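K.L.:
Residue numbers (numbering that gives the first Met the number 0), protein chains in the order written: chain A, 0 to 458; chain B, 0 to 458.
Do not take every clue at face value.
For identical chains, the list gives no copy identity; a pair is met inside one copy or between any two copies.
As the list claims (entries may be wrong) - When the alpha-carbon atoms are kept at most 30 Å apart in a straight line, the in silico BS3-like pairs for lysine-lysine are as follows:
#: 1; residue 1: K377; residue 2: K134
#: 2; residue 1: K377; residue 2: K44
#: 3; residue 1: K44; residue 2: K350
#: 4; residue 1: K377; residue 2: K427
#: 5; residue 1: K427; residue 2: K134
#: 6; residue 1: K377; residue 2: K444
#: 7; residue 1: K350; residue 2: K427
#: 8; residue 1: K350; residue 2: K444
#: 9; residue 1: K444; residue 2: K134
Honestly, the hints are just simulated from the structure, not real lab data.
This structure is a prediction, so every number in the text was calculated from the model and none was measured.
2 protein chains.
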Amino acid sequence: MSIRIDYSNMIGGAAGGIPAEEWMSSAAAFENAHAGFTRLREGGKVGFADVVGDAALLEQVESYADSVTGRYADVVILGIGGSALGPVALRTALSPSGWNLLSDDARGGFPRLHALDNVDPVTIAALLGRLALAKTLFIVTSKSGGTAETMSQFLIVHERLGNAGLTIADHVVFITDPAQGALRPLAATLGVTALDIPPSVGGRFSVLTAVGTLPAALLGIDIRSLLEGAADMARRCDVARASENPAGVYATLQWLADTRHGKRINVFMPYSDPLRDMAAWFVQLWAESLGKHTADGESVGQTPLPALGATDQHSQVQLFMEGPEDKTVTFVSVSDRGMDVRIPHAFADVKELGYLGGHTLGELIDVEQRATAGALAKRGRPNLTINLDRVDEWHVGGLIMLLELATAYAGQLYGVDAFDQPGVELGKQFAYALLGRPGADAARKEWDTLPEPDSRWSV
Amino acid sequence: MSIRIDYSNMIGGAAGGIPAEEWMSSAAAFENAHAGFTRLREGGKVGFADVVGDAALLEQVESYADSVTGRYADVVILGIGGSALGPVALRTALSPSGWNLLSDDARGGFPRLHALDNVDPVTIAALLGRLALAKTLFIVTSKSGGTAETMSQFLIVHERLGNAGLTIADHVVFITDPAQGALRPLAATLGVTALDIPPSVGGRFSVLTAVGTLPAALLGIDIRSLLEGAADMARRCDVARASENPAGVYATLQWLADTRHGKRINVFMPYSDPLRDMAAWFVQLWAESLGKHTADGESVGQTPLPALGATDQHSQVQLFMEGPEDKTVTFVSVSDRGMDVRIPHAFADVKELGYLGGHTLGELIDVEQRATAGALAKRGRPNLTINLDRVDEWHVGGLIMLLELATAYAGQLYGVDAFDQPGVELGKQFAYALLGRPGADAARKEWDTLPEPDSRWSV
């Protein structure tokens with residue numbers, strides 16, 4: 000059981016990476032960052048690294064999950080952003096491939112899991128149209144307890160359940176902050192169970208609370224092992240020396256690469272289908288935490304770019320190899336995939352096929368990862384590889400904690416608050432104004448100052 | 000039936016966009032680009048815009064599709080990159096939501112469609128394990144006729160079909176170049192039908208050949224209308240004046256934004272679940288076509304970044320609003336979604352819910368798009384909106400052609416060959432060397448010059 004980072008291909012000035020001396024002399028910067036984060040953590044302001052050891056939270060989730068075991072064929076998350084990305088990433092990583100397409104038997108009686116992470120009427124109508132509501136549980140997840148998209152979905156589901164003569168409390172569970180928003184009082188009114196996202200845990204850092212663990216538990220995923228893997232990584236990272244702290248290595252290297260070497264884009268590229276949706280989860284984490292104004296008004300933040308190996312060798316790698324030298328690539332490799340498929344010997348005289356026989360697909364995907372990393376290094380394109388022994392609960396928990404801690408450290412290094420998202424407020428206010436929400440008068444006035452579309456600038 | 004681009008939010012120096020005079024004075028640059036592309040097209044080198052009117056190709060696809068109607072419950076694409084991204088985007092855009100999860104009846108007897116776009120053994124074993132091979136068609140798609148990942152998958156499927164006592168020719172069809180690679184002679188050996196990707200059409204420009212149209216036709220999608228929409232857009236773009244040519248507008252604006260205003264990242268963000276997978280298709284098109292060395296050895300190319308509205312307002316928009324000013328955002332909006340879902344009035348006294356009642360989800364998603372575009376513009380972040388009347392075959396065909404032509408023009412503007420991918424060769428050769436493919440000796444020697452992982456640089 001181990002998670003290792005090999006960052007040989009990040010170091011070395013000539014190869015386009017970070018000079019070794021620069022990396023070594025960044026120790027003080029990381030020590031400060033670690034100390035800054037530790038203050039937030041010990042002050043109770045930032046809880047994501049500590050809640051993974053909170054027995055009461057785990058008990059709340061397990062006891063609710065136990066109470067509904069076997070009752071539902073389908074579970075639907077109503078949630079957007081951090082409320083959907085984490086649980087979807089866990090499903091893809093830790094349930095058998097193609098989970099929702101499997102028969103009830105093949106799923107071992109566990110439910111399918113859907114995420115309604117948008118408000119396109121087409122998708123919602125289609126999903127609600129094909130579910131048997133009497134056998135469906137809706138998990139309404141909103142940290143703030145007021146997210147417009149999620150509230151809209153809830154209003155629709157609430158009406159549908161009522162029309163079907165079903166009891167709301169039997170088909171809905173809320174996951175929200177205990178101290179803010181509409182869901183908490185609504186839970187009392189409706190008799191609906193409400194599970195906690197602790198106030199010190201923001202939405203995009205919430206996958207290891209009920210946000211992710213309840214859906215996971217309902218699918219039969221071992222959430223204790225998930226949390227143990229995360230706690231183990233948090234302990235490993237409890238050291239102020241960057242070179243011994245995996246999250247410290249990741250944060251410091253990316254920050255140096257971006258701010259001193261123009262690597263403005265952070266490509267996240269697992270070579271593993273189960274880890275496919277981790278990339279989208281990481282994109283939110285890195286983008287929304289770091290894409291900020293500093294206190295000096297500077298606009299900072301690396302842009303995360305999701306990719307998948309070997310697939311995107313046939314899509315994006317051309318750009319990574321020959322395009323602007325503004326990227327780092329983070330590979331995630333897997334040592335033991337738990338099974339493998341042999342490529343048979345056939346058509347031995349056909350040069351495009353003959354050499355493949357006798358290898359396995361696992362070998363092929365690993366070789367492609369190493370070949371791509373080597374080719375990028377050869378061309379002076381810095382990259383690093385996070386290796387997981389296996390894709391199981393313990394390692395996925397550890398990977399999540401590694402990336403969450405790295406994000407928190409990076410916030411300190413950039414000098415931004417990694418835990419807010421002030422930049423989305425203006426768009427929200429404009430939407431409120433256009434929808435006529437009371438209290439949006441100021442936004443309405445600001446909206447009215449925007450120039451009309453200019454007919455010259457259309458085609 | 001119309002596709003419009005509103006680029007008001009791209010123009011205007013003070014607002015972070017392109018000064019109007021600069022845009023207008025770029026007419027000559029675009030005229031040259033248009034002429035350069037027209038020469039490639041008329042010289043028969045680049046065929047993607049013309050094959051949409053090729054009756055013989057269409058006939059080939061329709062006649063094969065007709066001949067297999069009703070025979071398969073599942074269709075599996077073995078293909079990677081352009082061989083999978085296009086057909087998957089068409090399925091998501093033009094088949095009912097959640098197609099593969101629908102019952103046989105709800106699918107009207109049409110098959111499910113799967114794409115094996117990677118070589119992770121976990122995924123392949125799971126899919127092959129749950130399909131009824133006797134009711135499955137495998138579409139093996141490779142422009143080059145020798146893609147390692149696809150050939151490996153084919154070898155495995157070939158063996159499985161044989162073991163099941165099934166006739167290869169009844170369960171496999173090839174889509175490949177008529178004049179290169181292993182699949183064409185294999186087709187003859189095995190008696191397998193082989194459909195054409197014309198030599199003048201590269202993989203990432205091939206979605207409107209059999210690569211996309213065969214899978215689409217098998218799902219009951221109207222491929223004639225798809226091709227007509229594309230042909231209509233090609234005609235609209237047959238004009239050398241940038242401001243009258245939708246693809247010219249798109250290409251020229253992005254090129255100016257990148258090369259003169261530091262907008263190195265092109266965010267592609269449809270506000271439509273059916274268009275979700277078009278973003279991944281566009282990423283390959285833009286990245287692999289433009290991420291290149293110029294003749295002068297300069298590394299160029301905007302980095303495309305996929306996003307989805309409203310979902311990614313809760314993931315990436317914080318970065319777009321307050322992060323580095325290095326992005327343009329391309330919204331895709333839809334006027335008529337074909338249906339809508341009303342948000343019921345309920346909990347009128349709860350401020351987070353009350354204002355939503357009486358609106359529809361379609362209104363909500365549209366308002367969010369306008370609000371986000373307005374907020375970005377207000378903060379000096381340039382963006383444009385491509386509007387489709389509807390998401391149907393005609394409009395999707397038109398959108399595809401718009402973006403393909405824009406990519407071809409952009410290649411001319413950047414001074415790169417938009418139709419090759421030399422940068423992926425080194426990684427391929429390294430993989431061949433590691434797999435022991437004959438003829439990879441030079442790559443093996445180069446590989447051996449790479450430094451070993453340095454144990455100092457790992458944690």
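K.L.:
Compare the structure with each hint and give your call.
P.N.:
Against the structure, the hints come out as follows:
1. Within a single copy, K377 and K134 get their C-alpha atoms no closer than 55 Å, and across copies no closer than 47 Å, so neither meets the 30 Å cut-off.
2. Proximity of K377 and K44 under a CA criterion of 30 Å is satisfied in neither setting, with 44 Å inside one chain copy and 32 Å between copies.
3. For a Cα distance limit of 30 Å, the shortest separation of K44 from K350 across copies, 27 Å, qualifies, whereas the shortest one inside one copy, 61 Å, does not.
4. In this homomeric assembly, K377 and K427 come within 30 Å of each other (Cα to Cα) only across copies, at 13 Å, whereas the closest approach inside a single copy is 46 Å.
5. Proximity of K427 and K134 under a CA criterion of 30 Å is satisfied in neither setting, with 35 Å inside one chain copy and 49 Å between copies.
6. In the homo-oligomer, the alpha carbons of K377 and K444 lie at most 30 Å apart only across protomers (13 Å), although the nearest pairing inside one protomer, at 55 Å, exceeds that limit.
7. For the identical chains of this complex, K350 and K427 are inter-copy neighbours only, at 15 Å across copies versus 58 Å inside a copy, given an alpha-carbon limit of 30 Å.
8. In the homo-oligomer, the alpha carbons of K350 and K444 lie at most 30 Å apart only across protomers (21 Å), although the nearest pairing inside one protomer, at 68 Å, exceeds that limit.
9. For the homomeric pair K444 and K134, neither the shortest alpha-carbon distance inside one copy (47 Å) nor that between copies (61 Å) is at most 30 Å.
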